[in-house]
Structures are given as structure tokens and as C-alpha cells.
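**Student:** Sequence:
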Amino acid sequence: MMSYLLNSGICLLILLLIYRLFLQKESMYQFNRFFLLFSIVVSFLIPLITVEVTIEKAVSAILDPINPKLPIEYQNYQTTDTPTQSDFDWRFLGWGIYFFVSGILLYRFFRNIKLILEKVKNNEIVDYNGYKLVLVQEDVLPFSFLTYIFLSKAAFQNGKITESILQHESTHVREWHSLDNIFIEFLLVFMWFHPGLYWSRSAIKLNHEFIADEAALRVTTVHSYKLLLVSMILPNQSPVLASNLKFSFTKRRLDMMNKKTMLSTKLIKAVALIPVLAVLIFVFSEKVPAQDQITNKQTLNYHSGIQKPDEGSVDLIVTIFPDGNLKTNGKEIRLESFDEYLSQNFKEINNLKVLLEVNTGTPMGYVSDIQKILFERGATHIDVSVAEQVANDSDKAEFYKNSTFIVVGIDGNKTKKTYKELTEKQKSDLRPPMGKPEKKSPNKAAFDKWKDSKTYAIWIDGVSVKNDKLAQMLASEIAFYNESFVHLNARSERFPQEYQVHAYTHPGYEAAYGENSDYLKNRNWTITIKD
1 MMSYLLNSGI
11 CLLILLLIYR
21 LFLQKESMYQ
31 FNRFFLLFSI
41 VVSFLIPLIT
51 VEVTIEKAVS
61 AILDPINPKL
71 PIEYQNYQTT
81 DTPTQSDFDW
91 RFLGWGIYFF
101 VSGILLYRFF
111 RNIKLILEKV
121 KNNEIVDYNG
131 YKLVLVQEDV
141 LPFSFLTYIF
151 LSKAAFQNGK
161 ITESILQHES
171 THVREWHSLD
181 NIFIEFLLVF
191 MWFHPGLYWS
201 RSAIKLNHEF
211 IADEAALRVT
221 TVHSYKLLLV
231 SMILPNQSPV
241 LASNLKFSFT
251 KRRLDMMNKK
261 TMLSTKLIKA
271 VALIPVLAVL
281 IFVFSEKVPA
291 QDQITNKQTL
301 NYHSGIQKPD
311 EGSVDLIVTI
321 FPDGNLKTNG
331 KEIRLESFDE
341 YLSQNFKEIN
351 NLKVLLEVNT
361 GTPMGYVSDI
371 QKILFERGAT
381 HIDVSVAEQV
391 ANDSDKAEFY
401 KNSTFIVVGI
411 DGNKTKKTYK
421 ELTEKQKSDL
431 RPPMGKPEKK
441 SPNKAAFDKW
451 KDSKTYAIWI
461 DGVSVKNDKL
471 AQMLASEIAF
481 YNESFVHLNA
491 RSERFPQEYQ
501 VHAYTHPGYE
511 AAYGENSDYL
521 KNRNWTITIK
531 D
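Note that the sequence shown covers residues 1 to 531 in UniProt numbering.
Read the hints as simulated data drawn from the structure, not as lab findings.
Nothing here was measured: the structure is a model prediction, and the numbers come from that model.
Note that CB positions come from ideal geometry on N, CA and C, so glycine has one too.
Just so you know, not all the hints are guaranteed correct.
[Said to hold, decoys possible] The calculated label-pair distances, taken between Cβ atoms and stated as ranges, are:
1) Val101 - Trp176: 44 to 50 Å
2) Leu187 - Arg491: 30 to 36 Å
3) Leu117 - Ile281: 55 to 61 Å
4) Lys530 - His487: 40 to 46 Å
5) Asp323 - Gly103: 55 to 61 Å
6) Lys466 - Gly103: 18 to 24 Å
7) Pro275 - Gly130: 24 to 30 Å
8) Lys449 - Thr418: 28 to 34 Å
9) Leu115 - Gly94: 41 to 47 Å
10) Thr455 - Ile97: 33 to 39 Å
11) Val222 - Gly130: 25 to 31 Å
[What the hints assert, rightly or not] Listed next, the in silico DSSO-like pairs over lysine-lysine satisfying Cα-Cα at most 27 Å (straight line):
12) Lys427 - Lys449
13) Lys449 - Lys372
14) Lys440 - Lys451
15) Lys160 - Lys132
16) Lys259 - Lys269
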């Protein structure tokens, strides 16, 4: 939502800047009215437009941070917000402020309409050349709203309301300028934080006056009209939703009374806006891969150790160890160097088939990181072979007994099933229940480097903590940890660090992975299976 609002706001500001620099100074008022209203509407629509683009690599979805307590292929079905040390959720305060301000503005919006309609109800109405003149008792400047023109009764009876004034206000009525005002004011009720809408409101109202001034000058001279406006020294008391005679009575408005724009200039400027709009659509729209790229399907299969595919059918074999070391083509490398290794040794990775051999006790976060790197670089098929004891049918039946399976057929139809209702092939394709990871404590050097808050984000027993909490602990208090690299597009404003560490104390390890924990127990997952 924040990204949408930001793109929409920038888009509107760019369009308004173009209006201010190239259109506002030209006497093409009707076109400008359309452009200003169009700019508001299109700025909200452009970020919703999807544009197909050719991309070099498809980025697979990831979770930030990775929860080491769950098998990686199931994290999409059971995700929770990581608890923090602070119990107060500042989002509630933000939403509270938003609804409070919007509530006040909504009340003011309807109250302004009610006050205007009360003036219509409580004052004399005179028909004048087909227009409804509302003669109010107060000394006010002429203004209009919907089909009504509001005038001071005393000024009207004394002949101070000239034909040019009536022509000016009747133009507001005839052109339905009040609808423009109502539209922008209603948007501001809910988007009061949007600077572009305030600029739009001012520009729209000023353009209304340009249109009405142009009509008034058909029945009087420029000099006489200027003197008439200057002579009206009463303070502006018209409602915000109304159109009034002296809005923004500045040198700019006076200059525009003498402005004439050639038809050729109008056409050139109008046509020049087409490529500008095209650029805005491309820059601020949502980008999706072209259809020919979408058909390049990426698949990921899990196998137990004895079910792994024939090594001759894959292009690359990567062995993953619990400490984050990798082995491929007889060479040992660190996980954080894997991306660089691929760049140096594989110039073309498209359609690459990879086998990941995962040793017992390896954190699944490591596996996820490697999967992501490979998919980003163009790999189309990854087999993951987990070196664990093979689960028998009874183990799987117990583990998945509370799970719901959505089976998607070849025709796209979805069928809801329980584990017992699955075919034998579907059951065999399911990942075996995970065993708990082996305990491991960090050495002093690794423990000390975690204290760097600029590099490491720390979770202890599943709770996000500040790095200085480690100063109150010993490395031996950590029973198990998972350290992984966080790629740029997986970092967030809250967690911008390069690395994340999920550490568990001895009590935390027992709570998370012990015999009485939920780790090895059946879970209420919803799992999608494609035939």
C-alpha cells in the first residue's frame, strides 16, 4: 500500500509540474480543466497497470526473516509476525491518527454542504434568465454552488450586481464547477496527507476563475472588469466548496485576461503530453515478466536420501553441510561466496538442473538461500535430497493427519483432500517429517561478531532482540543457531542487516525442538499439490 501511494503521489506531482510549467500560462482553459481532473484520476490508476517486460532473471519469492523452526517448503502456509521486545504496536497509533483526522474532515465536508443548503432553504430565491439567485441577508461576495448563485440581497436590490458578475457566476453554474470542487474535497477527506491533492485543488479553482473570467469579458471590457474586481473589497466569506468571484485575485489572473494562445500552440502542447503519459505508465506501473518468460517454469522437488535422482541427469551437484560450507565439483566454498562462484564458473545458467545434497542437521535456511540464488540466476529445476532417515507411511500419516491438501488437476480444478485420500504417488512426493537439528554452540569469535548491530539482526528463542543483549550472555548458553546471508531484496527498513542469526538457548531449544514441542508434531497446514 505504501509503495502504491508513493508511486501515485509522485505521478500526480509530475503531472502538476508539467501543468504549471507548460499549460497554466496558456489560454486553453477547458483543456486544462480536463487535464487537471484527468491527472488526479490517472495518477491513482497508473500504479495499478501491469506492463509486460523482458527481465534477465526471475526472482523467486522469499520470506524475511526465514523461520528455522519450519521446513522451508511449508513456510508459505504458516507464517507469523516475529514478536519483539516492545509490546506496543505503533501501527495502531498510526491508524488511530489517520481515522481521527479523516473523521473530522468527513464531518466538516458534510457540514459545509449542509450550511450551503440551509442558505438556499432560509433565503429568498429569484429566477434570473433561467438561473436561481439566492439573496442572502449578509454582505458577501457573489459565489455559486451547484445550480445556485448566492448574492447579497442589498447589493442586488441596489443594482451593484452587474451583468459581468452574473455572467461570471452563471458560467460556474453552467460548467458544473462545483462538482470538481466536491470531488477534490472528498478525496482530501481520506487522503489529507497527499500534497499533490492540495496543489490540484488550488490549480482547479484558479482554472475555474480563468474560465469564468473569459465568459465575463464577453459582456464587458478588460479594463472595466478589472476595476470591478478591485472595487470589491469585502473579505471572502464563501464556503470552501463554492466558486467565488475573487478567488486568487492576483497579477497572474489579471495577466491571463489579456492572454491569447494560438491554436497551433494548443495542439502541439496537447499532443506532446502523449509521450509523457507513456513514460509515466512505464515508470510507475507494475512490471511483470513477459508471457514467453512465464512459460519457463521453475520446479523444486524434495527427496529423501535414498530417493534422490540419478546424478547423471543433473548439471550441477551441491553438497550442503550444517556449518554453512558447500562442496561442488570437488571444491569447498562458503555459502556467502556461492553467488560469486556461479558467476565465475557458469556464464550461462539458464535451464540448469541442480541437485542439492543436504546433510543431517543443516539449517533449512541455508537450503532456501541456495535455492533462491540458483532460481535468480536462471536454474529451472532443483532437486533437494535430504540425508535423513526415511519416514515410513505411518510416520507420514501421523505427521500430516491434520493437514488439508488442495490438489490442482491438469484442468485447473481444485479438490480438497485429507492425507488418507491422497494417491500413493502424492503421498510419496510429500517431504518426510523433519528430525530436530543437532545442538551446536558458536565459538567466541562468532559470538562476538554477532554484537555488531549494523551487520547482524538477532533473534533469540524466536524473539527479535537488540544486539547488546549478547553482552549479558555467554556463547555456551547458545544451544543451537542458524546464521544466514540476507540478499538485498530480502532486507527491510526494520531489518537492513546483511546477516540474520536465529539463536536458541538451552531452554529455548527444548521448547522449540524438544519432545514436547510442536516441531515434530502434526500441524494444521494447508498444502497445495499439483498433479
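**Student:** Could you work out which of the previously given hints the structure breaks and list their numbers from low to high?
**Tutor:** The structure breaks hints 1, 3, 4, 6, 7, 8, 9, 12; every other hint is satisfied.
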